[in-house]
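Novice: Take a look at the letters that make up each chain.
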Amino acid sequence: MSTAIAEAVRDGRLPGRVWLYSNYHCNLVCTYCLTDSSPKSPRRDLAADRMIDLAAQARDLGFTDLGVTGGEPFLRLDMVDVLLAMAEQLPTVVLSNATLFQGDRLTRVEALAGHPVVIQVSLDYADAGDNDAQRGEDNHATVVAAISRLVERDIRVRIGTTLDPDVEVSDDEQARLCSLHRSLGVADEDHVVRPIVRRGRAEVSDMGVKATAADLPPELTITADGAWWSPFGPTIRGGIPETDLLITRTTHPLHTPAAALLRLVEGRPAGDDARLGIR
Amino acid sequence: MPMTNVSVAAGERLIPLVSAAEAPLLAQPYFSGGDPGPIVAALAHVPEMLEVTLPFVGAVLGPSAIDPRTKEVVILRTSARASCRFCVESHTLVALDSGLSVSEVRALRGELDVDEAFPAEEDRAVIAWCDALVGTGAVAPASRDRLRQGRPDHVVVELTLLAATTLLLNRFCTALELPTSPEVLARLAAAGMTS
Chain H
1 MSTAIAEAVR DGRLPGRVWL YSNYHCNLVC TYCLTDSSPK SPRRDLAADR
51 MIDLAAQARD LGFTDLGVTG GEPFLRLDMV DVLLAMAEQL PTVVLSNATL
101 FQGDRLTRVE ALAGHPVVIQ VSLDYADAGD NDAQRGEDNH ATVVAAISRL
151 VERDIRVRIG TTLDPDVEVS DDEQARLCSL HRSLGVADED HVVRPIVRRG
201 RAEVSDMGVK ATAADLPPEL TITADGAWWS PFGPTIRGGI PETDLLITRT
251 THPLHTPAAA LLRLVEGRPA GDDARLGIR
Chain A
280 MPMTNVSVAA GERLIPLVSA AEAPLLAQPY FSGGDPGPIV AALAHVPEML
330 EVTLPFVGAV LGPSAIDPRT KEVVILRTSA RASCRFCVES HTLVALDSGL
380 SVSEVRALRG ELDVDEAFPA EEDRAVIAWC DALVGTGAVA PASRDRLRQG
430 RPDHVVVELT LLAATTLLLN RFCTALELPT SPEVLARLAA AGMTS
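Residue numbers (our numbering), protein chains in the order written: chain H, 1 to 279; chain A, 280 to 474.
Derived from the structure by calculation, the hints contain no laboratory data.
One or more hints might be untrue.
[Said to hold, decoys possible] Calculated cross-link-like contacts (lysine to any residue; reagent style SDA-like; alpha-carbon spacing at most 25 Å):
no., chain 1, residue 1, chain 2, residue 2
1, H, K40, H, E266
2, H, K210, A, G312
3, H, K210, A, Q307
4, H, K210, H, S148
5, H, K210, A, P308
6, H, K210, A, F310
7, H, K210, A, T439
8, H, K210, A, D432
9, H, K210, H, L90
10, H, K210, A, A300
11, H, K210, A, G313
12, H, K40, H, G239
[Stated by the list, open to error] Negatives, chain A to chain H, calculated, CB over 10 Å:
no., residue
13, A300
14, A421
15, R430
16, A468
[Unchecked claim] Sample of chain H residues facing chain A (criterion: CB under 10 Å; computed from the structure):
no., residue
17, L184
18, G185
19, E189
20, V192
21, A227
22, E242
Please read all numbers here as calculations on a predicted model, not as lab measurements.
Glycine included, each C-beta is placed from N, C-alpha and C at the ideal position.
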């Protein structure tokens, strides 16, 4: 449908992944949360049929991958069905705090096994104390147990580690975290480490690294409020979406924000690659 | 500098203007030269509309085949008839800068008699066309016929587009209660043209 976008993705000028913010509410209140999410946050849901339609449009435009984030996506009881439908279009990664994978929700998520869906779970430190200081009481133990359950059920798990660049992490600590994820059956290639980005609650908490559009890969990101330059863009501060990384309010058809993103990317100075390596 | 999307307490502006720090990516070029004015700062809430609206408005209101004086006659008269405070205040100064006299500007604003301020039928026909366009329903054929006297069709079309675009802006600025800049208000006061 759109040769220019497909070519840009193929040539590496535009990242292949499109991110969808399924919702903004969360059962946790992490200290560095970009979206200021909590159980009391407004949901800002993307409707299930809209998410599935956007996935199909992304494939038609030439994108290669999908991502779902929030909030905690699995607070939505329709999330597994949405992910299965999206994965029929393109491989999908979903970011989760993994604290809900027990009981009925665990049974439900078993349906993802054998499908091109990866669950990226947040785990920041090998030590429970350090991890739980950022992510909440008993988070470490809950997440470690959940990862084991997911892996046992043949669901591919990635681990996303988010660190404050101002807090030194020793080689020994990093090694222990890697040992832990290997022991859980998560390979090194499925472990990503990134800095806390100083936006949303992280900025209020005086944490993280400042990031502008020049620092962030231009990964088209759709929320209920519009289309953004990056999944680090549609942050919430004081209950209000920040707009400095907003591309368009129009998200449907997806071609509108995708074409605008490509124009912005092509307007950047030659060789101006993302500098901070934030993924 | 947070923005809000909900109505606020009485006395506060309904829609906040986007600041340079909040400007979305597509809107940022409009903020690079300093304060872009309230129309841009309001449209920046919907950047994909800003980036098509501004070139359109610029093309219609900016330099074209019609002389600047006639264009300001259309813009100021239409704005005055539509009771757009923001556009009247802003374009009073532009009209004066375009060569219109103080009495002509006052007449366009409805403060003096048009026939006295504009002796030429050429001008009066344009003003009558603007008056006819502001309102609802059919536009009187007589005013169109009067405008067409001695004017090629493309001029009639462009004058009509100019008046219609001005009306679009009038309603936008009036509905959102856009504020006139302090600089414009100061110049109006100095010229004794405060509305």
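Novice: Does the nearest C-beta of chain A fall within a distance shorter than 10 Å of the C-beta of E242/H?
Specialist: Check passed: Cβ of E242/H comes within 7 Å of chain A, closer than 10 Å.
Novice: Between K210/H and G313/A, does the CA-CA distance stay at or below 25 Å?
Specialist: holds, 23 Å
Novice: Between the alpha carbons of K210/H and D432/A, is the straight-line distance 25 Å or under?
Specialist: Violated. K210/H to D432/A sits at ~57 Å, over the 25 Å cutoff.
Novice: Next pair to validate is K210/H with L90/H; report whether the Cα-Cα distance is within 25 Å.
Specialist: violated, 32 Å
Novice: Does the structure keep K210/H and F310/A at a Cα separation of 25 Å or less?
Specialist: Holds - the C-alpha atoms of F310/A and K210/H are around 21 Å apart, at most 25 Å.
Novice: Straight-line Cα separation of K210/H and G312/A no greater than 25 Å?
Specialist: Holds, at roughly 24 Å.
Novice: Taking C-beta pairs only, is R430/A more than 10 Å away from all of chain H?
Specialist: holds, 39 Å
Novice: Straight-line Cα separation of K210/H and P308/A no greater than 25 Å?
Specialist: holds, 21 Å
Novice: Can A227/H be said to touch chain A, with a Cβ gap under 10 Å?
Specialist: holds, 9 Å
Novice: Hey, is A300/A genuinely clear of chain H, shortest beta carbon separation above 10 Å?
Specialist: violated, 7 Å
Novice: Compare the distance between the alpha carbons of K210/H and T439/A with 25 Å, and conclude whether the hinted pair is satisfied.
Specialist: With Cα atoms ~50 Å apart, K210/H and T439/A exceed 25 Å; violated.
Novice: Confirm or reject: A468/A is not an interface residue toward chain H, with every Cβ-Cβ distance exceeding 10 Å.
Specialist: For A468/A, whose nearest Cβ neighbour in chain H is about 35 Å away, the distance exceeds 10 Å, so it holds.
Hints 1, 4, 7, 8, 9, 13, 17, 18, 19, 20 from the list above are not met by this structure, while the remaining hints are.
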